[in-house]
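Chemist: Position 398 of the sequence shown, counting from 1, maps to 398 under the working numbering, and the rest follow consecutively.
Watch out, some of these pointers could steer you wrong.
[To be verified] With beta-carbon atoms standing in for the labels, derived distance ranges:
1. Lys358 with Pro295: 23 to 29 Å
2. Arg166 with Pro370: 37 to 43 Å
3. Asp298 with Ala198: 34 to 40 Å
4. Lys306 with Arg166: 34 to 40 Å
5. Gly42 with Asp212: 45 to 51 Å
6. Ala47 with Ala342: 23 to 29 Å
7. Arg100 with Lys24: 18 to 24 Å
8. Lys358 with Arg418: 29 to 35 Å
9. Pro295 with Arg242: 31 to 37 Å
10. Asn45 with Ala138: 19 to 25 Å
11. Pro241 with Ala342: 24 to 30 Å
12. Pro359 with Asp66: 18 to 24 Å
In case anyone wonders, no lab produced these hints; they're calculated from the structure.
For each residue, glycine too, the CB sits at the ideal point set by N, CA and C.
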Amino acid sequence: MPRSLLFFSLIPLLVSVCSGQTPKDVRAVAKQGQIAIPTVAGYLNSAGVDTRIEAVKQLTALGGKDTVEPLIRATKDADPEMQILATDGLVNYYLPGYVRQGLGSTLIRAGASVKAKFSDANDQIIDAFVIVRPDVIAALGQLARGGSSMDSRANACRAIGILRGRAALPDLIDALRSKDNNVMYESLAAMQKIGDPAAGPRITYLLRDLDDRVQMTAISTAGTLRSTDALPTLRAIIANPRNAKAERAALGSIAMMPAMQDRDLFLRELGAKDEKIRAAAAEGLGRIGNRADEPTLDKSWQDEEKIAPRLAAAFGLVMEGRLDLADDAPFRYLINNLNSAAWHDTAYAYLVEAARRKPVLEALSLSIDPGSKEEKIYLARVLSASGDRSSVSYLDKVSRDSDQDVSKEGLRALRSLRARLGI
Numbered sequence: 001m002p003r004s005l006l007f008f009s010l011i012p013l014l015v016s017v018c019s020g021q022t023p024k025d026v027r028a029v030a031k032q033g034q035i036a037i038p039t040v041a042g043y044l045n046s047a048g049v050d051t052r053i054e055a056v057k058q059l060t061a062l063g064g065k066d067t068v069e070p071l072i073r074a075t076k077d078a079d080p081e082m083q084i085l086a087t088d089g090l091v092n093y094y095l096p097g098y099v100r101q102g103l104g105s106t107l108i109r110a111g112a113s114v115k116a117k118f119s120d121a122n123d124q125i126i127d128a129f130v131i132v133r134p135d136v137i138a139a140l141g142q143l144a145r146g147g148s149s150m151d152s153r154a155n156a157c158r159a160i161g162i163l164r165g166r167a168a169l170p171d172l173i174d175a176l177r178s179k180d181n182n183v184m185y186e187s188l189a190a191m192q193k194i195g196d197p198a199a200g201p202r203i204t205y206l207l208r209d210l211d212d213r214v215q216m217t218a219i220s221t222a223g224t225l226r227s228t229d230a231l232p233t234l235r236a237i238i239a240n241p242r243n244a245k246a247e248r249a250a251l252g253s254i255a256m257m258p259a260m261q262d263r264d265l266f267l268r269e270l271g272a273k274d275e276k277i278r279a280a281a282a283e284g285l286g287r288i289g290n291r292a293d294e295p296t297l298d299k300s301w302q303d304e305e306k307i308a309p310r311l312a313a314a315f316g317l318v319m320e321g322r323l324d325l326a327d328d329a330p331f332r333y334l335i336n337n338l339n340s341a342a343w344h345d346t347a348y349a350y351l352v353e354a355a356r357r358k359p360v361l362e363a364l365s366l367s368i369d370p371g372s373k374e375e376k377i378y379l380a381r382v383l384s385a386s387g388d389r390s391s392v393s394y395l396d397k398v399s400r401d402s403d404q405d406v407s408k409e410g411l412r413a414l415r416s417l418r419a420r421l422g423i
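From just these sequences and the hints, can you work out the full model?
Modeler: The following block contains the structure:
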């Protein structure tokens, strides 16, 4: 590196040293524990960015409610690394351990620029009983709308989704106009987690986006939000798909909000070569709920060799009212797959949806006690997501199970159910 460039890269550190504020000073103070939070927060005003960054790291490590306000203040720092680390720190307060896998953990600083790598996993979300301060969501919304870098904006979008920040929905919609693929993807993913149908019509124009990941996420978000405004475009994609991924995603989303006019489409695609297409078709038929389709779904369930479409056919039959719990029954097949490391998430999602129907909920409630460890854990989650007041007694019993993992999950599910029902 030329000497002149080396000199300018050292200016922030020199300023901190001259002012008596260095990262080492911050770490030394932080060793005092919680009583040091006000002093550590004071370093957020340091002229040296390295010192300010260390202050955010130490505030995150110290944790506690008294760190929230300083971390909110740190999100307003002009430095993108500060914005990213402060965002991760706020999420970490509500979701302990997040900071180890958040965007901040991948940061590499090269002079004034910051590079980061988003993880592919984007499935984290806080429990329903966790209440997030409104000013935290407001601060993250401001970052999503106008952070100093696209990475800090995308990271804020991800944080809003994890924290179920419904109040920042307008900021997520505004972030879609950034034209940055990462920001757009994270904004759409956050909208899925928040689940507010009001966002549906605002994303229709992205169903044809030229970036595959953005398009796939927009399509799946339209389905998750049950955005019927998207149906004409989704049907057009099926008729003339850009690629197989787009066709699968579009049929999957149509299946989430099926109309009778799509019944023929589902019946036709139930015989497709692509197993994911067959699975989506079975889901759609099940949700339509036409009893005339039960023999067709039953044949699919009996003859299907691939697990994904067989699970979907089982779901479809359960939605048609097939609630027999015999060992060879479709309903039992769904429950049994809660024990599968590869398919428990799929089976769980189907059961959450099916359990919104009272007969299914009652049958699942009675299935918890004799179930395996994995079945107890996942069925507790199902009751948490789709249960009603009658589910409280079942979850209370799970919360006192002799297996510590089961009892812990039962208590967590019980708290989430009570928060959702307001009891």
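Chemist: Now tell me if each hint is right for this structure.
Modeler: A quick look at each hint next to the structure:
1. Lys358 with Pro295: 23 to 29 Å: The hinted range 23 to 29 Å holds for Lys358 and Pro295, with Cβ atoms some 25 Å apart.
2. Arg166 with Pro370: 37 to 43 Å: With a Cβ separation near 38 Å, Arg166 and Pro370 satisfy 37 to 43 Å, so the hint holds.
3. Asp298 with Ala198: 34 to 40 Å: Roughly 38 Å apart at Cβ, these two residues keep to the hinted range, so it holds.
4. Lys306 with Arg166: 34 to 40 Å: About 38 Å separates the Cβ atoms of Lys306 and Arg166, which means 34 to 40 Å holds.
5. Gly42 with Asp212: 45 to 51 Å: For Gly42 and Asp212 the Cβ distance comes to about 47 Å; the hint holds.
6. Ala47 with Ala342: 23 to 29 Å: The hinted range 23 to 29 Å is violated for Ala47 and Ala342, with Cβ atoms some 53 Å apart.
7. Arg100 with Lys24: 18 to 24 Å: For Lys24 against Arg100, whose Cβ atoms are near 23 Å apart, the range 18 to 24 Å holds.
8. Lys358 with Arg418: 29 to 35 Å: Hint violated: Cβ distance 19 Å, outside 29 to 35 Å.
9. Pro295 with Arg242: 31 to 37 Å: 35 Å, holds
10. Asn45 with Ala138: 19 to 25 Å: Once the Cβ atoms are compared, 22 Å apart, the range 19 to 25 Å for Ala138 and Asn45 holds.
11. Pro241 with Ala342: 24 to 30 Å: Hint holds: Cβ distance 27 Å, inside 24 to 30 Å.
12. Pro359 with Asp66: 18 to 24 Å: Cβ of Pro359 to Cβ of Asp66: about 49 Å, so the range 18 to 24 Å is violated.
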